[in-house]
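We have chain P; now place chain F onto it with these hints.
These protein sequences, in sequence, are chains P and F.
Take any residue in the first sequence, count from 1 to its spot, add 7: that is its number in this note's numbering.
Take any residue in the second sequence, count from 1 to its spot, add 23: that is its number in this note's numbering.
Warning: the hint list may mix true and false statements.
So these bits of chain P aren't anywhere near chain F, every CB distance computed over 12 Å [stated by the list, open to error]:
| id | residue |
| --- | --- |
| 1 | Met26 |
| 2 | Glu47 |
| 3 | Leu52 |
| 4 | Asp55 |
| 5 | Glu65 |
| 6 | Pro69 |
| 7 | Glu79 |
| 8 | Leu158 |
| 9 | Ile164 |
Mimicking DSSO-like on lysine-lysine, the simulated pairs with C-alpha atoms at most 27 Å apart in a straight line are [what the hints assert, rightly or not]:
| id | chain 1 | residue 1 | chain 2 | residue 2 |
| --- | --- | --- | --- | --- |
| 10 | P | Lys199 | F | Lys124 |
| 11 | P | Lys39 | F | Lys150 |
| 12 | P | Lys40 | P | Lys137 |
| 13 | F | Lys120 | P | Lys190 |
| 14 | P | Lys141 | P | Lys190 |
| 15 | F | Lys124 | P | Lys137 |
| 16 | F | Lys102 | P | Lys135 |
Keep in mind the hints are simulated off the structure, nothing from the lab.
The C-beta atom is built at its ideal place from N, Cα and C for all residues, glycine as well.
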Amino acid sequence: MEERSKKVSKRKAVYASKMKRAVHMLFYRRHKKPGVKGWELRKALGADYPKVLSILDEYLKPLDLQVKMVFEEEKPKSEKPALEELDKARFYITLRGDLTPKEAKMVGWRIDDLAGLAITIAYIISKKGKAPRKEVEELLREKLPGWKVGLNIDRYIRYGYLTQDENEQLYLDWRTRAEVDQKALIDLILSK
Amino acid sequence: MQSKRERAKIGRERLQRVIEMCKAVEERSLDPFLVDVDEIIRVVREFFPEWEQPEDLCLDAEAINRLASVVRLQSEWVKHRSTLLYTDPFLLEEKIKRMEKDAIVEAFLGAWHPIVEFEQISLHSLKEALRYWVSLPPLKDRWKEFPMPEEAGGAATREELIRLRILQDKAFTEELENFWNELKKLVSEEGEDGRIRYWDFVGAETYEETTHRAFMTSFLVTYGYATLEVHPLEEEIFIKPFDRQQRRIAKKQLVSIPIAITVEEWEKWRRGAKK
Chain P
8 MEERSKKVSK RKAVYASKMK RAVHMLFYRR HKKPGVKGWE LRKALGADYP
58 KVLSILDEYL KPLDLQVKMV FEEEKPKSEK PALEELDKAR FYITLRGDLT
108 PKEAKMVGWR IDDLAGLAIT IAYIISKKGK APRKEVEELL REKLPGWKVG
158 LNIDRYIRYG YLTQDENEQL YLDWRTRAEV DQKALIDLIL SK
Chain F
24 MQSKRERAKI GRERLQRVIE MCKAVEERSL DPFLVDVDEI IRVVREFFPE
74 WEQPEDLCLD AEAINRLASV VRLQSEWVKH RSTLLYTDPF LLEEKIKRME
124 KDAIVEAFLG AWHPIVEFEQ ISLHSLKEAL RYWVSLPPLK DRWKEFPMPE
174 EAGGAATREE LIRLRILQDK AFTEELENFW NELKKLVSEE GEDGRIRYWD
224 FVGAETYEET THRAFMTSFL VTYGYATLEV HPLEEEIFIK PFDRQQRRIA
274 KKQLVSIPIA ITVEEWEKWR RGAKK
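Okay, chain F solo, but in the shape it has when bound:
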């Protein structure tokens, strides 16, 4: 007899497999009829009474959602096959490979009706253009509206840029790496499962400092020093540092996660942190 926990584990694995299979059909344009919808529904129904945790219910919902997409693809597939346009791609490919260029062109010309369009100046547009030209002030008059700055430009020093807050005192990469080390240290001291609550990391004594830390954190995530874990149901966000900087995987879809750093949120966090 399987324990409840074991059964839930098996159920999770099966739902995960269902999701992966439906995803593969969707993304790789495979035949949607490879998916046995009845069997999947049976699996989903079988394990549904086991789910108590929100994550499991989310997994169940995702499996159903993916399955719905496959059913939609099946319907499109049937529609396409029932149209007069359906042709077996292999048959067509073979035919095209065997055909001479001239024959292909001849076939295409029988179905091609190119658009007719003129690109020609008319007397009317010439007249309009002349009228515009007459009313257009000379360039020297128009440029008077934008006087050139009298001060001659020169090179700014590094100190001046720091004073203007364009440059930081430290090099940005150095500052980012220090910030990353700070995150790793904090996670090892106060974190759980190698992660820490987002607000516990970015929150600071002043609002200005908090926004600066949030700004730096966004670079930590973008440049692969850390990642964000978002739990929408619990409305919680965690930040998890990587041991080594991760290189971006080119094919992986990047996702932007907007996080509002409002004064209200900051005050709420401060009240919570002081308790």
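Pulled out of the complex, with its shape left as it was, chain P reads as follows:
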């Protein structure tokens, strides 16, 4: 009996230590882009890293944070992704709930810029993930001063919300995939 409880406490200690390591990796930026690839976590925490992340996610819940998994290339075939598929995913810590408009100002966004970003993302989603920059600029010009439109789009690109190809087509980029619940955004806009 005593031996069993020893084993359990040892296992707990192992997971506590792995969780600490995961927190360091996920909260502190290691590369140019935030987030950590699945294979990096596997290398540092071992093959059971998905379990470590799910325990961490539970710990983060009361703090209104979550571990977010984003598939950058192909989406997994089944709902429960295989370890090889997880290796290619990128993991982030994101806010679980919503920000209030006041809080959004605190994270460095002006209301105009945030509204512009929302419109741009929603428009690109409605156009099957790709829209000509000119069309987006026209749409933004309805409510933003002309001189600001181009600067704002460049800023969204710089932050990783959008990307642009050589034909001036805009696409959603990694930060939108990580931070924005695309379906919820469309539903919320249409229900207003």
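Showing chain F alone in chain P's frame:
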């Protein structure tokens, strides 16, 4: 009754139209269901027995390839429409135009979960940085490894640059234009349909001269003095001079064509040229 040649001509035109239409759908993000796939397949099938020449078969293959891309787009379109994310762009555009900024922001905040990240120095990284600093040799010691050249620099004369083969005796543009005139003359004397085989133009008595001519030819093409015609099936390349230098069309996609100028190729050409 149409002759075989006339029928082939009509077939070619129709395939060309099919290719253009599929290209337009692909490039301009048009509704892929504008293309009547069954009708195109009927046309392709109807004219297929007429094709004998490799170019016609290539045209047929390209039409099928373009059609396959449109079918792929149709499948993506159906998938997108069947997802919960599908929204009519016009409906959304209208909605966005009517919404107040505050309402848009409120909607966005309901769907936005920003990444949490810290950019903060830790005691551990400070310790590592200090250790690195202690082991780093002073700048004056490190720069000793790269002694400055003793000789003082001066301006090189044009003659020296020519001797070092950095500059040519003639100005480059002048040399290029002479080369272009040579190409035009050769094409008018020995060419066919305003063009000449690539190797018949660049090939020279020595391998070095051949590489130099190939180098100059690449500039003729890049700067719009001439163009290359590549026939992959026949493995033949022709060079065709323009009467006037062409300005680059900004939107046109530029293509690089690598051509190996190996000793083996040069010897093969020489053997062929001497026969």
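Hint check:
1. Every C-beta of chain F lies more than 12 Å from that of P:Met26, the closest at about 16 Å, which supports listing it as non-interface.
2. At roughly 15 Å, the least C-beta separation between P:Glu47 and chain F is larger than 12 Å, which holds for a residue marked as non-interface.
3. With 12 Å as the threshold on Cβ separation, the claim that P:Leu52 sits away from chain F holds: the shortest Cβ distance comes to roughly 19 Å.
4. No beta-carbon of chain F comes within 12 Å of the beta-carbon of P:Asp55; the shortest separation is about 24 Å.
5. Listed as outside the interface, P:Glu65 is consistent with that label: its C-beta sits roughly 17 Å from the nearest C-beta of chain F, beyond the 12 Å cut-off.
6. Against chain F, the non-interface label of P:Pro69 holds: every CB pair exceeds 12 Å, the least being about 15 Å.
7. Non-interface status of P:Glu79 relative to chain F is upheld: no Cβ of that chain comes within 12 Å, the nearest being about 14 Å off.
8. Residue-level check passed: P:Leu158 sits 17 Å from the nearest beta carbon of chain F, beyond 12 Å.
9. With a minimum CB-CB distance of about 17 Å to chain F, P:Ile164 clears the 12 Å threshold, and the non-interface call stands.
10. Taking the CA atoms of P:Lys199 and F:Lys124, the gap is about 12 Å. The hint holds against a cut of 27 Å.
11. Proposed proximity of P:Lys39 and F:Lys150 is supported: the alpha carbons are some 23 Å apart, at most 27 Å.
12. Distance restraint check for P:Lys40 and P:Lys137: the Cα-Cα separation of roughly 23 Å lies within the 27 Å cut-off, and the hinted pair is therefore satisfied.
13. Taking the CA atoms of F:Lys120 and P:Lys190, the gap is about 20 Å. The hint holds against a cut of 27 Å.
14. Proposed proximity of P:Lys141 and P:Lys190 is supported: the alpha carbons are some 24 Å apart, at most 27 Å.
15. A threshold of 27 Å between alpha carbons decides the hint, and for F:Lys124 with P:Lys137 the separation of about 23 Å falls inside it, so the pair holds.
16. Between F:Lys102 and P:Lys135, the direct Cα distance comes to roughly 10 Å. Compliance with the 27 Å bound is thereby established for this hinted pair.
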